[in-house]
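Chemist: For reference, the chains in residue letters:
There are 2 protein chains.
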Amino acid sequence: MTAPLRLGIAGLGTVGIGVVKIIRQKAELLRARIGREFVISAVSARNRDTDRGVALAGYEWEDDPVALATRDDVDVYLELIGGTEGAAKASVEAALRAGKDVVTANKAMLAIHGQALAEEAEAAGRAIRYEAAVAGGIPVIKALTEGLAGNEISRVMGVMNGTCNYILTRMEKAGLSYDAAFAEADGLGYLEADPTLDVGGIDAGHKLAILSAIAFGARPDFDGIELEGIERVTIEDIRAAADMGFRIKLLGVAQRTGRGLEQRMQPCLVPANSPLGQLEGGTNMVVIEGDAVEQIVLRGPGAGEGPTASAVMGDVCDLARGLRQPTFGQPADTLQEATRARSELPAPFYLRMALLDKPGALAKIATILGNSGVSIDRMRQYGHDDTTAPVLIVTHRTSRVALDEALTAMAQTDVVAGAPVALRIEHL
Amino acid sequence: MTAPLRLGIAGLGTVGIGVVKIIRQKAELLRARIGREFVISAVSARNRDTDRGVALAGYEWEDDPVALATRDDVDVYLELIGGTEGAAKASVEAALRAGKDVVTANKAMLAIHGQALAEEAEAAGRAIRYEAAVAGGIPVIKALTEGLAGNEISRVMGVMNGTCNYILTRMEKAGLSYDAAFAEADGLGYLEADPTLDVGGIDAGHKLAILSAIAFGARPDFDGIELEGIERVTIEDIRAAADMGFRIKLLGVAQRTGRGLEQRMQPCLVPANSPLGQLEGGTNMVVIEGDAVEQIVLRGPGAGEGPTASAVMGDVCDLARGLRQPTFGQPADTLQEATRARSELPAPFYLRMALLDKPGALAKIATILGNSGVSIDRMRQYGHDDTTAPVLIVTHRTSRVALDEALTAMAQTDVVAGAPVALRIEHL
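First to last, the protein sequences are chains A and B. What the first sequence shows, in this note's numbering, is residues 1 to 428, in sequence order. What the second sequence shows, in this note's numbering, is residues 1 to 428, in sequence order.
Because the hints were derived from the structure by calculation, they are not lab data. Treat each hint with caution, since some may be false.
Pairwise CB distance ranges (calculated) [said to hold, decoys possible]:
(1) B/47 to A/401: 53 to 61 Å
(2) A/48 to B/244: 55 to 63 Å
(3) A/419 to B/39: 28 to 36 Å
(4) A/154 to B/37: 44 to 52 Å
Keep in mind that this is a model prediction, so the values were computed, not measured. Think of the CB as a built atom: it goes at the ideal place given N, C-alpha and C, for glycine as much as any other residue.
The task is simple: from the sequences and hints, build the whole structure.
Modeler: In structure tokens, the structure reads:
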């Protein structure tokens with residue numbers, strides 16, 4: 001039997017406590033599978049006195065995560081604090097420099113500082129593992145870096161923010177407005193302290209940047225993602241989509257195009273009866289397409305104590321078994337700086353706009369679309385209450401560039417109130 | 001850069017040729033990801049002269065797989081021959097004894113001889129990897145042994161034989177009889193040389209035995225599976241199921257019950273709009289339930305050159321990276337001999353039988369069911385042509401034991417022609 005693997009756990013929120021519970025409750029199972037004991041040498045969190053529902057008195061305590069990360073009796077440092085900068089980053093760097101392997105659930109840190117951290121880890125001969133950072137309990141990082149290593153990946157897609165999916169699902173099922181569904185999610189504690197991270201698509205964007213780096217051998221490029229949140233999706237959009245047999249999902253897509261790497265995280269219409277369309281609540285789904293494997297679909301819980309702790313423990317078990325590989329599946333210095341490509345693959349789009357009650361308004365819009373080469377599949381104008389009338393348009397397949405040209409031209413007319421909503425229709 | 005990894009490939013059918021192509025065509029990608037070269041030292045197959053659409057003249061040839069498996073210039077032996085015994089088993093054993101790691105796609109060999117082979121591998125300090133043996137391109141072995149290592153697994157389920165699914169799908173979509181759909185699948189080359197392996201559920205049963213061993217820390221126990229093929233499913237069953245909103249799938253389930261390990265591979269009715277019900281053609285799906293992760297669903301192509309070669313390459317890459325672990329996720333000598341449990345969880349059942357045209361026949365059947373405590377949810381008797389009338393019954397939730405008691409009693413009456421068909425209805 002190999003020596004015990006000694007862990008230092010920083011951050012005792014949902015994920016951290018979930019990990020402590022698994023290690024305490026499943027010592028025997030883990031010993032049978034891994035052939036090693038797991039020992040928690042010390043823990044750290046902001047407040048020592050919080051009742052976390054599990055006895056922590058038996059573990060040494062460190063106020064400072066950096067001190068924890070560099071303890072002599074720690075082999076693997078678990079960074080479960082979160083946040084792009086600050087204690088999370090400082091302690092991970094300190095751990096690597098001190099020769100520790102790192103397990104983290106921190107998608108933001110990896111999406112922003114992943115390249116530098118991967119370089120530090122490799123310089124130190126250590127590993128950073130982060131299964132819990134993307135799609136909760138789904139072992140998607142493992143599938144992509146290991147299981148599909150023989151594939152040239154062509155596309156990665158996913159619905160990866162449970163909170164957005166919850167809000168959109170509740171809007172549809174209960175007929176709630178965006179604000180009401182948002183308030184409900186907030187009341188249930190589903191939202192991050194800064195809710196923009198969720199509803200602005202930033203959290204899901206971080207996850208996409210990580211998947212994209214692995215899939216395409218590129219440096220993580222969060223800033224290269226065309227990012228759009230769900231804040232402007234209305235109950236009318238959801239109903240109109242449903243009428244046409246679609247649901248609205250915050251969908252991430254990363255793919256190679258002739259001109260570079262396209263990454264987008266945007267609300268899209270997907271067929272209601274498709275696997276993506278059927279996703280409800282906090283369930284995540286990731287679709288991976290490769291030249292050999294064709295298409296793999298992975299579905300599972302995207303958050304929560306059990307699923308995220310399951311993912312962290314998978315990483316800890318791998319390290320205990322001696323698996324250590326480059327952070328993004330290949331050495332950091334071989335990751336390419338990806339050329340950013342805008343989405344070029346044409347698609348039908350759903351448009352919603354408020355037309356001012358002026359003669360010829362609709363004709364003007366139709367003309368502008370025609371001039372940009374965007375042809376209309378269906379159009380519907382609703383009876384109006386106020387001085388504006390809602391108009392819904394579904395276009396035939398068009399490029400986003402042509403559509404944006406039309407949207408810019410519309411903004412320069414005097415017939416459209418506010419900015420139109422434009423959502424891509426994906427037939428996945 | 002570490003030394004090249006030298007491969008010996010035995011079996012140059014679909015899988016073997018797929019692997020050769022990936023290694024030839026993606027040398028650069030693999031080098032970037034793994035940091036090593038892959039070299040094919042030698043190959044072996046039954047017939048050297050077959051045109052396999054890829055140039056093999058550059059590789060050394062061995063007529064005897066055992067000779068290939070023990071060559072000095074082979075680090076990893078790829079057994080892609082197939083078959084439970086014979087050359088496959090002999091060469092794998094020889095490879096392990098000669099200190100080689102083994103990658104195989106051979107589900108039958110692992111389901112039957114897995115325990116002995118795992119012991120041999122561990123005694124030799126070598127690994128057997130077999131991602132391609134279960135569910136084709138889906139990295140399910142990896143998910144179960146590694147990603148979910150922190151979970152107590154409660155249930156594993158799956159649709160894992162593409163040929164059966166193809167036949168059942170064609171029967172429904174094209175209204176074909178079982179025999180016609182079988183002949184179509186045969187014409188397309190989808191069937192094994194011995195078609196019973198597919199339609200008898202044996203191939204899928206082998207896969208279930210492997211998953212079950214990993215999930216429950218049990219010795220693979222293929223003989224412990226309640227096994228039933230699709231041969232008795234008729235177009236009438238498929239139509240009746242569709243009328244009630246169900247589809248028929250050959251579904252494998254392995255779960256722990258209070259009395260032991262329940263393993264069954266049987267045609268079942270599943271809701272048509274559920275993820276399992278929506279599976280079409282050769283696509284496989286595996287569902288894993290664990291105490292921490294809740295439920296993970298993995299979907300992908302279950303067969304074919306690309307997907308199986310992708311799985312084999314995932315294993316080869318893992319070995320190249322130095323990952324080596326016990327065959328079934330924990331040391332072979334810690335695997336328990338599982339107590340076989342019959343399915344005890346009650347479920348509704350679908351019954352079809354041919355009643356002889358005798359007065360009181362239906363009453364007799366209803367009485368027998370009632371006496372066994374099986375209550376009837378719905379019953380339908382069709383107009384009859386011959387001397388028998390088809391009767392369909394859907395029961396309320398009942399145990400299989402009670403149902404079997406009723407079926408035995410029915411067989412002893414003089415009103416039922418032939419053996420009734422009984423299919424479990426799973427609300428998954």
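Chemist: Just pull the numbers of the violated hints for me, sorted ascending.
Modeler: Violated: hints 3 and 4.
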